[in-house]
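Please construct the entire structure, taking both the sequences and the accompanying hints into account.
Here the protein sequences come in this chain order: H and C. Taking the UniProt record's numbering, the leading residue of the first sequence gets 1, the next gets one more, and so forth. Taking the UniProt record's numbering, the leading residue of the second sequence gets 1, the next gets one more, and so forth.
Derived SDA-like pairs: lysine to any residue, alpha-carbon spacing no greater than 25 Å straight-line:
#1 K116/H <-> R73/C
#2 K45/C <-> E95/H
#3 K116/H <-> I132/H
#4 K45/C <-> D158/H
#5 K45/C <-> R69/H
#6 K116/H <-> A179/H
#7 K116/H <-> K45/C
#8 K45/C <-> A114/H
#9 K116/H <-> E44/C
#10 K45/C <-> Q68/H
#11 K45/C <-> F70/H
#12 K45/C <-> Q67/H
#13 K45/C <-> R72/H
#14 K45/C <-> R71/H
#15 K45/C <-> G112/H
#16 K45/C <-> A98/H
#17 K45/C <-> F63/H
#18 K45/C <-> H86/C
#19 K116/H <-> R72/H
#20 K45/C <-> T92/H
#21 K45/C <-> L159/H
#22 K116/H <-> R131/H
#23 K116/H <-> H40/C
#24 K116/H <-> C38/C
#25 K116/H <-> E74/C
#26 K45/C <-> A22/C
#27 K45/C <-> V26/C
#28 K45/C <-> V69/C
#29 K45/C <-> E82/C
#30 K116/H <-> G188/H
#31 K116/H <-> L46/C
#32 K116/H <-> T92/H
#33 K116/H <-> D41/C
#34 K45/C <-> A117/H
Keep in mind that the hints were calculated from the coordinates and are not lab data. Keep in mind that this is a model prediction, so the values were computed, not measured.
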Amino acid sequence: MSVVEVSHLAAGYDGREVLHDVSLSVTAGDVVAILGANGSGKSTLIRTILGLVPSRRGEIHLFGTPQQRFRRWERIGYVPQRLGAGSGVPATVGEVVASGLLARRGVFRFPGAADKAAVRDALTAVGLLDRIGDPVTTLSGGQQQRTLIARALAGRPDLLVLDEPNAGVDAASQEAFAAALTRFAGDGGTVLLVLHELGPLRPLIGRAVVVHDGRIAYEGTPPEPAGHHAEPDHEHLHPHAEQLKAGICEWAPTEGTKAY
Amino acid sequence: MTTTTGYEAYESAGALLRALSAPIRVAIVVELGVGERCVHDLVEKLGAPQPLVSQHLRVLRGAGVVRGVRRGREIAYSLVDEHVAHIVADAVSHARESRL
Chain H
1 MSVVEVSHLA AGYDGREVLH DVSLSVTAGD VVAILGANGS GKSTLIRTIL
51 GLVPSRRGEI HLFGTPQQRF RRWERIGYVP QRLGAGSGVP ATVGEVVASG
101 LLARRGVFRF PGAADKAAVR DALTAVGLLD RIGDPVTTLS GGQQQRTLIA
151 RALAGRPDLL VLDEPNAGVD AASQEAFAAA LTRFAGDGGT VLLVLHELGP
201 LRPLIGRAVV VHDGRIAYEG TPPEPAGHHA EPDHEHLHPH AEQLKAGICE
251 WAPTEGTKAY
Chain C
1 MTTTTGYEAY ESAGALLRAL SAPIRVAIVV ELGVGERCVH DLVEKLGAPQ
51 PLVSQHLRVL RGAGVVRGVR RGREIAYSLV DEHVAHIVAD AVSHARESRL
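Written as C-alpha cells, this is what we have:
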C-alpha cells in the first residue's frame with residue numbers, strides 16, 4: 001500500500017523554487033532516509049509532503065488520498081527539526097508525551113488506561129520511562145529529542161516523519177532512538193526521515209534518497225560513508241549543532257522565526 | 001529592482017493567500033475566527049498531531065495572520081485582525097456556492 005506518493009513535485013518559498021522535479025514513492029513498511037547537503041531541499045521535501053510548504057507543480061498523495069483532501073493526520077507522527085531556544089514550559093516528560101495522544105479523536109481515541117499504557121510504552125521504547133515524572137527542562141538535549149520522538153510514537157502513527165532527529169544529539173540518545181525506530185519498523189511502521197548522516201541508523205535504512213539541487217540525485221541502498229565523515233576521528237560536529245540548546249517542544253513556540 | 005508592471009504592491013497579498021492555501025490552515029483560521037485557542041484545542045478540533053499544528057501556526061504567524069500570547073503554560077493564538085476572518089469566510093462560502 002502506498003503511504004507517500006510524490007510525482008514531479010516542485011516547491012519553494014516566496015520567489016525561490018527549492019525543489020524542481022521530485023518523484024518519490026514510499027510504501028507501507030519502508031524505512032526511507034532523505035539525505036543531502038544543507039540547502040539541498042531535503043527538509044523542504046518533507047515539509048511540502050506534510051503541507052507546510054505549498055507545492056507549485058506535481059502531485060502528492062498520502063495513504064492514497066490527494067494531500068489537499070487528506071484528513072487523517074493522526075496517522076502521521078511528525079518530529080520537526082529542533083527549534084532552538086527553549087520556552088521553559090514546566091511540563092513533565094509524561095505530560096509532553098501524553099500530548100501526543102490529543103490528535104486521536106472519537107473512535108480512534110483510546111480509553112484512559114490505554115492512554116497511560118501508550119505513554120509508558122512510548123517512553124520505554126526510547127529508554128526514558130524512569131524520567132516520566134521529571135520536568136523536561138532537566139533533560140539533556142538528546143533526551144528532550146527522545147521525548148519528542150516518544151510523543152510521536154504515543155499517537156501510534158502508521159507513518160513517522162522525522163526531520164534530522166540526530167542533529168546535535170549525544171551518542172547514547174542516538175542509540176536509544178535507533179532501537180525505538182527498529183521496533184517501530186519491526187511492527188510494520190513506515191518511516192520517512194531526513195538525515196544529515198546515517199550514523200547508528202544505517203542498518204535500519206532500507207532505501208536512501210539523495211537530494212541535490214532540488215532533484216533526486218541518487219536512490220537505492222544507503223551509500224557507504226566517504227570523505228572526512230568516514231574517518232574514525234571525525235567528531236560529527238556541525239555548525240548547526242551549536243544552536244541546539246534547550247528546546248522542549250513547540251508546545252510553546254518561540255517567537256521570531258519566519259516559517260516561509 | 002525596478003519594474004513597471006505595477007503589481008509589486010500585491011506581493012504581500014500573494015504571500016497572505018499562499019499562507020491560506022492549505023485546507024488545514026483555513027480550518028485553523030475559521031476556528032480562530034470563533035475565538036482565541038490554545039494549540040491543544042486546535043489539535044483536538046482538527047485531529048492533527050501537535051507538532052504539525054504548531055508548524056502550520058508558524059506559517060500563519062510568519063504571514064502576519066495570527067499572533068500568540070502566552071497563557072500560563074501554553075500559547076493562546078488569535079487572529080491579528082477581523083479582515084482575515086472575512087477573507088476566509090468569503091472564500092469558504094464562495095467555494096460552497098460554486099459547487100452547487
